[in-house]
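Starting from the known structure of chain A, arrange chain B on it as the hints suggest.
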Amino acid sequence: MKKVKLIIDGKEVEAEEGKTILEAARAVGINIPTLCYNEKLAPYGACRFCSVEISKNDRSKLVVSCVYQVEDGLVVKTSTPKVIKTRKMILELMLGSAPALKELAKEYGIEKPRFKTEVTQCILCGQCVRYCAEVKGANALTFVGRGVNRRVAFVDEVVATGVCMDCRQCYGVCPTGKIPRETDGAYFGGNLLSEVLAKTGRK
Amino acid sequence: MAKLRSPQDLERKRQQILSQRDPNKPCVTICSGTGCHALGSDKVAEAFVAEIEKNGLKGKVDVRRTGCHGFCERGPVTVIFPEEICYLGIKAPDVPEIVAQTLVNKKLVDRLLYKDASGKVIAHEGDIPFYKFQKRIVFGSNRLIDPKSIDDYIALGGYSALAKALFKMSPEQVLQTVKKANLRGRGGGGFPAGVKWQTTRDAPGDIKYVIVNADEGDPGAFMDRSLLEGNPHSVLEGLIIGAYAIGAHEGFIYVRQEYPLAVENVSVALEQARKYGLLGKNILGSGFDFDVKIHRGAGAFVSGESSALMTAIEGKVGEPRPKYIRTAVSGIWERPSNLNNVETWANVPLIIEKGADWFTSIGTNRSKGTKIFSLVGKVCNTGLVEVPMGMTLRQIIYDIGGGIPKGKKFKAVQTGGPSGGCLPESLLDLPVDFDELTEAGSMMGSGGMIVMDEDTCMVDVARYFLTFLADESCGKCVPCRLGIEQMVEVLNRICAGEGRKGDIELLEELCEVARDASLCALGQTAPNPVLSTIKYFRDEYEAHIDKKRCPAGVCKALVSYYIDPQKCTACGICLRKCPVEAISGGKNLVHIIDQNKCTKCRTCFEVCPPRFSAVVRISGEPIPEAVPLGTEVARKKGTQE
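If you read the sequences in order, they're chains A and B. Just add 1410 to the spot in the first sequence (first one is 1) and you have the working numbering. Just add 12 to the spot in the second sequence (first one is 1) and you have the working numbering.
Some hints here could point you the wrong way.
Claimed, not checked - When the alpha-carbon atoms are kept at most 25 Å apart in a straight line, the in silico BS3-like pairs for lysine-lysine are as follows:
| no. | chain 1 | residue 1 | chain 2 | residue 2 |
| --- | --- | --- | --- | --- |
| 1 | B | K579 | B | K599 |
| 2 | B | K547 | A | K1471 |
| 3 | B | K25 | B | K176 |
| 4 | B | K513 | A | K1498 |
| 5 | B | K147 | B | K191 |
| 6 | A | K1413 | B | K335 |
| 7 | B | K328 | A | K1450 |
| 8 | A | K1466 | B | K335 |
| 9 | B | K335 | A | K1471 |
| 10 | B | K547 | A | K1495 |
| 11 | B | K335 | A | K1450 |
| 12 | B | K176 | B | K192 |
| 13 | A | K1495 | B | K513 |
| 14 | B | K103 | B | K37 |
| 15 | B | K335 | A | K1498 |
| 16 | A | K1526 | B | K568 |
| 17 | A | K1522 | B | K513 |
| 18 | B | K335 | A | K1487 |
| 19 | B | K328 | A | K1546 |
| 20 | B | K335 | A | K1415 |
| 21 | B | K335 | A | K1429 |
| 22 | B | K335 | A | K1546 |
| 23 | B | K547 | A | K1492 |
| 24 | B | K589 | B | K568 |
| 25 | A | K1466 | A | K1487 |
| 26 | B | K560 | A | K1526 |
| 27 | A | K1412 | B | K335 |
| 28 | B | K366 | B | K144 |
| 29 | B | K70 | B | K160 |
| 30 | A | K1495 | B | K335 |
| 31 | B | K160 | B | K55 |
| 32 | A | K1492 | B | K335 |
| 33 | A | K1516 | A | K1495 |
| 34 | B | K513 | A | K1526 |
In short, the hints are calculated from the structure, not lab data. All values derive from a computational prediction rather than experimental measurement.
Here chain A stands alone, though its shape is the one from the complex (with noise of 0.2 Å):
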C-alpha cells in the first residue's frame, strides 16, 4: 500500500493512502473527538463534531477528519481556534436536545446552552442504524422524518420477526444512552416506527 506523508498538529505523520486523517491522527496518539464515529462503521459525518482545519495551496478550510483521506503535503490542524469554536457550537446546539451530553460540554466550558429545543436525548449520529444494517446485516432500526423531525425507530416487522430480542448490539453503541433506557426489552418498542409516526401525527 501506498504511503503518504502529512503533518498534523506540526508533527509530521506517515499514512498509509486511503485512512482517513482521523485515523492517521489517532494511529500517533493524537486525539479528535468523535460521536457519531465507529471504526467499525462506514463513515458518516453527520455530527461534524471532529471537524479538523486543513490547508492547501495557501487555503484553508474545515473538513471532517472522519471522511476526509490523508494526501501528501496535506497540512491539518486540530484545535485551531476556529476549530474549537466550532466543536463548542455544535455540542452546546446538540445539548439542547441531548442533555446526556452535559459531562462533555462541560469540558468545552459550556454549562447551560442558549437554545431551546425539542428534547430527544438523541443525537442522530445513527450509529444504531448504521450497526444494524452494516454489521448485524438486519436492517431493524431506520431514520424517518426530515429536518429537526428526523427520528430514529425499529421498523415494526423487523422486529416481529424476533431478530432484536438475542441482539441488543444497538444498546451498546448509543451515545446517549436513549435506546437501552427507553427500549422495552418485552416486545422491543417504545420507539417502534408506527408510534414515532403516531407521535408526529402521521401515518
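Relative to the frame of chain A, chain B by itself:
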C-alpha cells in the same frame, strides 16, 4: 416513421417538413406555459380553432400551442405570425374580434396590444420593451414550437448540432469547444461545465452517466420548468452531445414530480427521439449508443444537491453523501456521473452549432452567454427573462421589468434562491455575473430574482427563507439541522418584538458554523439570506430589537393601526370592512379601533380612501389615546374636496 440513419437523412427530413410549411401562412401561437395555462390559455386556443373554422379559414391558418413565452404578467399571450403581432391578456371572448379583424381584415385590435407609459400601442412582439432588451438565444425558440412536436424542433434546425458533433467532431473536440466557450453551470455553482465533463471523461470506469438536474425548487423560480416544458428537445440534444463527449451511454433526467407538464413533455420527447433514431442504438447511424431514463423526484429540495440527487436515483432516500470525492468521479453507484442543470444542457447545442467564439462574444470577462431569470415579486412585468451576462440589475428590473408597481420605492432584490442574498439599491448597477454576485454576498443561483419594495421587511424576508430551509433540511448533519432551527428561532423572536441585545451577533455566530461545518451546500449557503440582510439592512434589525419598531410595517407584533380623529370623516368603509368588528363608530361619529380586538390585518389601512388617509400605521411609538366613543367628526364627508 423510419429511423434517420445518417445526417443526410436528418437534413432530408428537415427539408421535407419545411416543404410542407409555408412561412407566409398565418399562424396563431398561444402560450401554454404554466402561467398562461392558469390564466385560461386552453380556452383561448379552443376558441381560436372554433372561430377559424367558423370564418372558413380552416387549413389557411395554423394554430399552435407553444411553451412559455415569458411575459407571464400579461398572459395569456398570443403571437400571430408572420407579422409577429402580440396580443396580451387574451380571454376567449376576445378571439372572434381577433380572427375577424386581424386574420380576415388584416387590421389590429388596439385594445389588446401592449401600451407603453405614454399610451402608445406597440404591435410587434419584438418592439415591446419587455422583449426588446432581452437576448433570447436559449429561451427564444419556446414561442416557435409545439413542445410535443419533434418536427417543429427539427424544422428550426434541431438535432443538427448533434449530427455535427457525431460526424464532424471527435468527443475530445466537442469537449474542448465547451471548455473554450467557458460554459458555466446554470444551476447555482457556476462551475465550468467543460472542466466537469473532462473530470468524468477521465475518471476510471467503463460505465459513466450523464444527468439533467431538473429539481428546481427555489421559491419563485420556474426557468428550468418552462424550458423543459416548452423545449424539451433542446435539453435532450444537449444531453446526447454531452454523453458523446464524456463517453456515457446512459443518462437520467431527474425531474420534480411537482412538474407534471415537464414530465409529460419530456416523456413524449424521449419517445419521439427514439422513433427517429436520435436516441437508442446507433444514433443517426454513427455507431454511438445512448438512452435516457426519467427519474421523478419525490419532493425534497435537498435532492437538487448533486450527491443527494444521485443517491435518490439509486433508489435510496435523497440525502447528501459526506464524501469529499466529486460525483463527477464517483456518483451513481459510485460510477463517474456528470450532472448539469436544464439550462446548462440547453446551451450545449447552440455552442456546438455556432461555435465557442460566438458564445464567448456574449457576456462578461468570466461569465459567458446569457442567463434566464425568473423576475418576480414587486415588479411590473413579472415573467421569465433571458439577458446577456453583464446586464445590470437595474436594466433588468427597470428596462425589462418596468420598475416597481404603484409608484413604490425599490428596496432590495433577492437573487439566487433561498441560498442567495438580498442586494440593496446601492448595488443596482451591479452586472449579473457569477463572480460579481458572489462577491456582493449573493449568488447567481439558478436564476431566481425576487424584487422587493419599500413595504418589505428585510428581517421578515430572512425569516421566510430560513423557515423554508429549515423545512427542507434533511436533518442529517448538526450545523444545518439544529443551526438553522436556532436561526429561525432568533429571527422569529426579533419579528415578534422579543429580540434581545446580542441577537445579531448570535445570528452571525450560528451562520459562521453552518457555513463552515455543514455537510452539503444547503447548510453551507443557508446563512446567505441572514448575512446579506444584516450586511445591507442592519438598521432594520436594530430597529426591531432596540426600538421595537418594524420600519416597513410588516411584523404584526410591532405594528398598530390608529384612526386620526382629525382626518376621519366617518365614511364607514373601514368599519364595514373590518373582519373582526374591531372598529366602532357611527354616522358623523369618529371611528375608533379597539386595539384588543384588532388582528392587524391592515384592511382598514388599505380601504381608507387616500383623500382621507385617516388610518395611520404606527410602529415603535405609543398609540395616541383614543377620543371618547361618540365624538363627532371634525370634518364631514365631501367638505374637504
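Taking the hints in turn, this is what the structure says about them:
For the suggested pair K579 (chain B) and K599 (chain B), the alpha carbons sit about 15 Å apart, so the restraint of at most 25 Å is met. At most 25 Å may separate the alpha-carbon atoms for a hinted pair to count; K547 (chain B) and K1471 (chain A) meet this at roughly 23 Å. At roughly 16 Å between alpha-carbon atoms, K25 (chain B) and K176 (chain B) fall within 25 Å of each other, so this suggested pair holds. The straight-line distance between the Cα atoms of K513 (chain B) and K1498 (chain A) is roughly 22 Å, inside the 25 Å bound, and the hint therefore holds.
Proposed proximity of K147 (chain B) and K191 (chain B) is supported: the alpha carbons are some 22 Å apart, at most 25 Å. Between K1413 (chain A) and K335 (chain B), the direct Cα distance comes to roughly 21 Å. Compliance with the 25 Å bound is thereby established for this hinted pair. Of the supplied pair hints, the one linking K328 (chain B) and K1450 (chain A) holds, its CA atoms being roughly 22 Å apart against a limit of 25 Å. Among the hinted pairs, K1466 (chain A) with K335 (chain B) is consistent with the structure: their alpha-carbon atoms are about 18 Å apart, no more than 25 Å.
Pair hint K335 (chain B) plus K1471 (chain A) holds up; C-alpha atoms about 15 Å apart against a cutoff of 25 Å. As the CA atoms of K547 (chain B) and K1495 (chain A) are separated by approximately 22 Å, the hinted pair is consistent with the 25 Å bound. With a CA separation close to 18 Å, the supplied pair K335 (chain B) and K1450 (chain A) stays within the 25 Å bound. A hinted pair counts as satisfied when its Cα atoms are at most 25 Å apart, and K176 (chain B) with K192 (chain B) qualifies at roughly 17 Å.
For the suggested pair K1495 (chain A) and K513 (chain B), the alpha carbons sit about 21 Å apart, so the restraint of at most 25 Å is met. Note on K103 (chain B) and K37 (chain B): the hinted pairing holds, with a Cα-Cα distance of about 24 Å set against a maximum of 25 Å. The hinted pair formed by K335 (chain B) and K1498 (chain A) meets the criterion: a straight-line CA distance of about 23 Å does not exceed 25 Å. Proximity of K1526 (chain A) to K568 (chain B) is assessed by CA-CA distance (about 24 Å); at most 25 Å being required, the pair is judged to hold.
Taking the CA atoms of K1522 (chain A) and K513 (chain B), the gap is near 19 Å; set against the 25 Å cutoff, the hint holds. Taking the CA atoms of K335 (chain B) and K1487 (chain A), the gap is near 20 Å; set against the 25 Å cutoff, the hint holds. Proximity of K328 (chain B) to K1546 (chain A) is assessed by CA-CA distance (about 20 Å); at most 25 Å being required, the pair is judged to hold. Proximity of K335 (chain B) to K1415 (chain A) is assessed by CA-CA distance (about 21 Å); at most 25 Å being required, the pair is judged to hold.
At most 25 Å may separate the alpha-carbon atoms for a hinted pair to count; K335 (chain B) and K1429 (chain A) meet this at roughly 13 Å. Between K335 (chain B) and K1546 (chain A) the alpha-carbon distance is near 24 Å, which keeps this suggested pair within the 25 Å criterion. Taken as a hint, the K547 (chain B) and K1492 (chain A) pair is honoured in the structure, with Cα atoms around 22 Å apart against an allowance of 25 Å. For a cut-off of 25 Å, the pair hint linking K589 (chain B) to K568 (chain B) stands: about 19 Å separates their Cα positions.
Between K1466 (chain A) and K1487 (chain A), the direct Cα distance comes to roughly 12 Å. Compliance with the 25 Å bound is thereby established for this hinted pair. With a C-alpha separation of about 23 Å, the suggested pair K560 (chain B) and K1526 (chain A) falls inside the 25 Å cut-off, and the hint holds. Between K1412 (chain A) and K335 (chain B), the direct Cα distance comes to roughly 21 Å. Compliance with the 25 Å bound is thereby established for this hinted pair. Distance check on the hinted pair: K366 (chain B) and K144 (chain B) sit about 23 Å apart at the alpha-carbon level, within 25 Å; holds.
Pair hint K70 (chain B) plus K160 (chain B) holds up; C-alpha atoms about 22 Å apart against a cutoff of 25 Å. Taking the CA atoms of K1495 (chain A) and K335 (chain B), the gap is about 23 Å. The hint holds against a cut of 25 Å. Of the supplied pair hints, the one linking K160 (chain B) and K55 (chain B) holds, its CA atoms being roughly 19 Å apart against a limit of 25 Å. For a cut-off of 25 Å, the pair hint linking K1492 (chain A) to K335 (chain B) stands: about 22 Å separates their Cα positions.
With a CA separation close to 14 Å, the supplied pair K1516 (chain A) and K1495 (chain A) stays within the 25 Å bound. Between K513 (chain B) and K1526 (chain A) the CA atoms are separated by roughly 18 Å; this keeps the pair inside 25 Å, and the hint holds.
Hint compliance for this structure: no hint is broken.
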